[in-house]
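> Listed below, chain by chain, are the residues.
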Amino acid sequence: MGMTIARRLIDAVPTLLLVLTLVFIAMRILPGDPALAVLGEHATQEQLAEFRRKIGLDLPIWQQYVSFLINSATFNFGNSFANNFSVAQLVKLNLPYTVELTIAATMIGTVIAIPVGVASAVNRGKAIDSGSRIFSLVGYAVPDFFLGAVLLIVFALDLGWFPINGGGDGFTSRMWHLFLPALALGLIKAAFVSRLTRSSLLEVARKDYVRTARAKGASERRVVYRHALRNALLPVITGLGLSILSTLSGSVAIELIFGRPGLGSMLVGAIETRDYPVIQAGIVVFSLFVVLVNLAMDIIYTLVDPRVGEVS
Amino acid sequence: MTAATDAPAPIARRAPPEGVLGQLWRNIVHEPLTLFFFVVLVAIVVIAVFAPVIAPYDPVEQSLLSVNEQPSADHWLGTDQFGRDVLSRIIFGARTSLVLGLLSPALAALIGTTLGLIGGYFGGWPDRLLGRVVDLLLAFPALLLGILVAAALSSGFWSMVAVLTIAFAPRFARIARASTLSLRHEPFVEAAVAGGVSHFRIILRHILPNIAGPVVVVLTLWIATAIRLEATLSFLGMGTQPPQASWGNIIRDGLSNMYGSAWPIVSAGVAITITVLAFNMIGDAVRDVLDPETRA
Numbered sequence: 000m001g002m003t004i005a006r007r008l009i010d011a012v013p014t015l016l017l018v019l020t021l022v023f024i025a026m027r028i029l030p031g032d033p034a035l036a037v038l039g040e041h042a043t044q045e046q047l048a049e050f051r052r053k054i055g056l057d058l059p060i061w062q063q064y065v066s067f068l069i070n071s072a073t074f075n076f077g078n079s080f081a082n083n084f085s086v087a088q089l090v091k092l093n094l095p096y097t098v099e100l101t102i103a104a105t106m107i108g109t110v111i112a113i114p115v116g117v118a119s120a121v122n123r124g125k126a127i128d129s130g131s132r133i134f135s136l137v138g139y140a141v142p143d144f145f146l147g148a149v150l151l152i153v154f155a156l157d158l159g160w161f162p163i164n165g166g167g168d169g170f171t172s173r174m175w176h177l178f179l180p181a182l183a184l185g186l187i188k189a190a191f192v193s194r195l196t197r198s199s200l201l202e203v204a205r206k207d208y209v210r211t212a213r214a215k216g217a218s219e220r221r222v223v224y225r226h227a228l229r230n231a232l233l234p235v236i237t238g239l240g241l242s243i244l245s246t247l248s249g250s251v252a253i254e255l256i257f258g259r260p261g262l263g264s265m266l267v268g269a270i271e272t273r274d275y276p277v278i279q280a281g282i283v284v285f286s287l288f289v290v291l292v293n294l295a296m297d298i299i300y301t302l303v304d305p306r307v308g309e310v311s
Numbered sequence: 000m001t002a003a004t005d006a007p008a009p010i011a012r013r014a015p016p017e018g019v020l021g022q023l024w025r026n027i028v029h030e031p032l033t034l035f036f037f038v039v040l041v042a043i044v045v046i047a048v049f050a051p052v053i054a055p056y057d058p059v060e061q062s063l064l065s066v067n068e069q070p071s072a073d074h075w076l077g078t079d080q081f082g083r084d085v086l087s088r089i090i091f092g093a094r095t096s097l098v099l100g101l102l103s104p105a106l107a108a109l110i111g112t113t114l115g116l117i118g119g120y121f122g123g124w125p126d127r128l129l130g131r132v133v134d135l136l137l138a139f140p141a142l143l144l145g146i147l148v149a150a151a152l153s154s155g156f157w158s159m160v161a162v163l164t165i166a167f168a169p170r171f172a173r174i175a176r177a178s179t180l181s182l183r184h185e186p187f188v189e190a191a192v193a194g195g196v197s198h199f200r201i202i203l204r205h206i207l208p209n210i211a212g213p214v215v216v217v218l219t220l221w222i223a224t225a226i227r228l229e230a231t232l233s234f235l236g237m238g239t240q241p242p243q244a245s246w247g248n249i250i251r252d253g254l255s256n257m258y259g260s261a262w263p264i265v266s267a268g269v270a271i272t273i274t275v276l277a278f279n280m281i282g283d284a285v286r287d288v289l290d291p292e293t294r295a
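Sequence lines, in order, name chains A and B. For the first sequence, counting from 1, position 105 maps to 104 in numbering that gives the first Met the number 0; every step adds exactly one. For the second sequence, counting from 1, position 98 maps to 97 in numbering that gives the first Met the number 0; every step adds exactly one.
Please note that the accuracy of each hint is not assured.
[Said to hold, decoys possible] To list a few chain B residues with every Cβ distance to chain A over 10 Å, as calculated:
1. ASP57
2. LEU142
3. ARG200
4. VAL215
[What the hints assert, rightly or not] Some chain A residues near chain B, calculated using beta-carbon distances under 8 Å:
5. ILE152
6. ILE256
7. VAL289
[To be verified] Chain B is faced by these chain A residues, among others (derived, beta-carbon under 10 Å):
8. MET174
9. LEU266
10. ASN293
Please keep in mind that the hints were generated in silico from the structure rather than gathered at the bench. Since we're looking at a predicted model, the values are computed, not measured. Cβ atoms here follow ideal geometry from the backbone N, Cα and C, with glycine treated the same way.
Chain A on its own, in the form it takes in the complex:
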């Protein structure tokens, strides 16, 4: 097992390299001149040339590529164009807000999804099951930022129960600011995870050991919670793990709705002001998240189900 984990870690290195290469291609080779984008169409040729020299765009492409890799590895993206903060500092300031939002949304999503999924599997075909199906169908369709806007208008603007924007200072205030954004993302997540719980539970319910437990005369409650749910949780955990990435991408729009600091608002703000170094860092950080979450899921999967590592 240790071998498998080590192999996964080593595997992640070329993956990271490929990610960075793709980011580099996207940033440098796709049409659009960053100098023109930053300085605008009225800039003189000299200004453009000066700018290109400053950020190293005049170097041969391979040299740009190598320095991009080195800068990414050392997380040295220079300073923001908009203010004098170093990009690394900006990321460090914003990261905790996005992480706490993602964690809180995942917790809210799980707390709603698992009981709903269990209830609808146990009452398959009854009203409660139809209700949860409608919840999921709508949850798949409603954009998270619209749900966020509705929560904001009703609970912050009209009722005044929650703050309208910002990230909050101090623990209580931060939790206060966190609740509505996390609820918006959590509800969307619950739509997906509750369906997963339901189908996984129904799958397990057909297994022999569940029938045996029932035949032994175990109470229905015991059968569901002790025998079926435990075994049904593995795919649910995987689904939850992968949904972290959807929540992370959803957080970009949610941060904008609630005027929260975070990696998403950092990236969106940088795009608006054409703050090239910050855009670049934002893209690298988000990509890094994707690689790390997938790596973590692979490792957790190997730990939970040793058979996974043996294949291939």
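Knowing the structure of chain A, use the given hints to seat chain B on it.
Below, chain B alone, put in the same frame as chain A:
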């Protein structure tokens, strides 16, 4: 069975006698909820196509005399902070959503399927690189990939098409590649190779018809995602640019005018939700016909 070059396609064999479309129609009519959303979908398409005729006002015409009006007989959904008629903007927004929501997955299907077919058929290192890149891109949720690509590109209609196409093409490439790999050594393909049929003709005549089913399923299921993605990117200011109406940028404008009127936000949000729901329902119906094994 003889390995004839014109062996019937597995999909065709599975298809019921009345044909794929007949079966799809029966499934839609059979289930009331699906039928309801089918009607909704037809209505949305009609609204989008005839937007200039249906919309009561010019969607970009501003009127400072009627700003932030509540819904009334003149303005069914009220007006926004520029005095523009919200209903007309929603109607024209349907155009934006449908054009991008249909065009991008179709382009992604074309590009992704072509790459997957060629990679899966010829193999070798280009195929291994393709497989690796596709796996990697698939690790990104479509939305995140869309945001990251949009961040690197400038905004505008064709950038938007490019963003959505790049976000979806890997999905098609994987399906096409995997299906092609499994067909590559089927007797009817090997027979065609032995018979000296050109690679181009084999791919077009023998492989493509057999992988069309799964590709169409993925295509219909991704339309809904494309519409939501367009809305999100326009909301973030990276997609459709004002004054052109898009459901996403209506919500963006509405957010800066929350104290004025909540009607633009609510109308656009409901429009997105209903449209995505309708496409999801029809996509599920298509999947049930073309790919019955994965039926939930």
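> Look at each hint and say if it fits the structure.
Going through the hints against the structure:
1. ASP57: holds (25 Å)
2. LEU142: violated (4 Å)
3. ARG200: Nearest chain A Cβ is 34 Å from B/ARG200, so the label holds.
4. VAL215: holds (20 Å)
5. ILE152: holds (5 Å)
6. ILE256: holds (7 Å)
7. VAL289: This interface hint holds because 5 Å falls under the 8 Å limit.
8. MET174: This hint is violated: A/MET174 lies away from chain B, its Cβ roughly 23 Å from the closest one there, beyond 10 Å.
9. LEU266: Interface hint status for A/LEU266: holds (6 Å vs cutoff 10 Å).
10. ASN293: holds (5 Å)
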